[in-house]
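For this one, chain A is given, so just place chain B on it according to the hints.
Going line by line, the protein sequences match chains A and B. Just so it is clear: in the first sequence, position 98 is 78 by our numbering, and no numbers are missing. Just so it is clear: in the second sequence, position 138 is 149 by our numbering, and no numbers are missing.
Worth flagging that the hints you see were computed from the coordinates, not collected in a lab. Source: prediction; values computed, not measured. Mixed in with the good hints, there may be bad ones.
Beta-carbon label-pair distances, calculated as ranges [stated by the list, open to error]: (1) I96(B) <-> I114(A): 36 to 42 Å; (2) Y74(B) <-> T5(A): 26 to 32 Å; (3) A189(B) <-> W1(A): 28 to 34 Å; (4) V6(A) <-> T257(B): 19 to 25 Å; (5) P(-2)(A) <-> P80(B): 36 to 42 Å.
Cβ coordinates follow ideal geometry from the N, Cα and C atoms, glycine included.
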Amino acid sequence: MLTWLESTKLAVWLTESPSVWAFATVLTLHTAGMAVLVGASWVLDMRLLGVNRRVPLSAYRWVFPVVAIGLLVNVVTGVMLFMKSATKWGTAAPFLVKMLLVIASVAVLVPLRSHVRRNDADTEVSGNLRLLAIASILAWTGAVTAGRLLAYLVP
Amino acid sequence: MNLAHLHLVMNHVPTLGAVIALGLLLLAFIRRNEHLKHAGLEVLFVIAVLTLPVYVSGVAAYYEIRERPDISVDTVRIHQDAALIGFTLMEFAGFVGWVALWQSRRRGRAARRVVPAATVLLVVALAIMARAANLGGDIRHPEIRAAGAAAPAEGDPERFITSAITEVAVYSTWVWPAAEAVHFLGLCLSFGVLLAVNLRILGVIRQIPFAEVHRLLPWGMLGFGANLITGMFFFVGQPGQYIASTPFYWKTIFLMIAGANFLYLTVFGKAWRHTEDGNAGFEASLADKAMAVSSIVAWLAVLYAGRMLPFLGKSF
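Next up, chain A with everything else stripped away, as it sits in the complex (with noise of 0.2 Å):
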């Protein structure tokens, strides 16, 4: 199956294109993506960790669209890269530690926005958010660190 992946069309065409709207684009794409998405998610981390404790949790609405947007960019320019080298990726024990902190920070932004689109004026943050928020932090620094290392420890 992973020999297949880098058959198709797309794979091929990311690897053997020159253009660099080819694959330099889409890796490219994907950093963007990454500064968005983990950008905005640290955003609302730092408010609940006690920065601008005065704006109401509602305030923080945005950060969920603009994270849908990146992580949107980032799964989609994130399989086409996979493709291009599956055999490579999927049997990398980098690679797979990687998506399972990518899978850990998203998950824990399910219960942060379920909290934040339930409370309105709401500017108390509890010791269990708070927890979530630094998870929230690590998980994304371990997955951004694991994506960029990935060039160096899976040659």
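Below, chain B without anything else, positioned relative to chain A:
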């Protein structure tokens, strides 16, 4: 025109600019004038931003002229080391000056010791930059060397700071990848903060008072600081691959634009008047919105040029 010319055009900016900033700050102390103080700090910030292309073009100039028989490579390297220390101190001074501007915007004036600290750092940076400039003059103008002063001694490459950094960049297996990881984390942090600030100005986010997104700026600066340090490590470690790279110059140009934008976001006044009374729902002017769009575009361009370095140029 090549980059050596650009270096010759720009190389007096750090010293002359530092003198102007220092003059304004000293005058502000004597006259106890807050406006003069802000002007001095703003000039300091701009000079700190402009010192980056001065350093970069200097390295490019070295690559242009190093093959010539009448150039002493060691003279250049001694100048380069002094310039790197001067650059580092100038960035520190610029950073502390920026903190003073940020505090002034929030509370009407900077905390008690911040402006004096920026001034002292600026004096030290100016002294080292002046030495770097003097050493730079020696490269092509031995006739201006002080009477009796010997030519700089032939050096052992181990002695140079820049060679030591290259050594680490080339021979350590983990320092370069670790710096790359930090560079990406810093990118996320500064981009997230700038996105929040600019989306607020654009009105995409409405419920947060502008004063509150302004509070996030130091976090953006933290991310940028991490990226300036790691980015300079890459550049000093492997200058050849960046000097030969077109996207690297685009990245530097867009960083200048983004820096100007960042200063505007830190000090501009209109949004504040509307938010001091807690009025969160103000509408920014069209000019401010244009500034916000240009800020997002400039940072995306920095990111794009940086990520495309290996593909449009030959660097990695």
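Hint-by-hint comparison with the structure:
1. For I96(B) paired with I114(A), a C-beta distance near 38 Å keeps the hint of 36 to 42 Å intact.
2. Roughly 29 Å separates the CB atoms of Y74(B) and T5(A), a value that falls within the hinted 26 to 32 Å.
3. Checked against the hint of 28 to 34 Å, the C-beta distance between A189(B) and W1(A) comes to roughly 31 Å, which is consistent with it.
4. As the Cβ distance of V6(A) to T257(B) is approximately 21 Å, the hint placing it in 19 to 25 Å holds.
5. The hinted range of 36 to 42 Å is satisfied by P(-2)(A) and P80(B), whose Cβ atoms lie roughly 40 Å apart.
The structure fails none of the hints (numbered hints given earlier).
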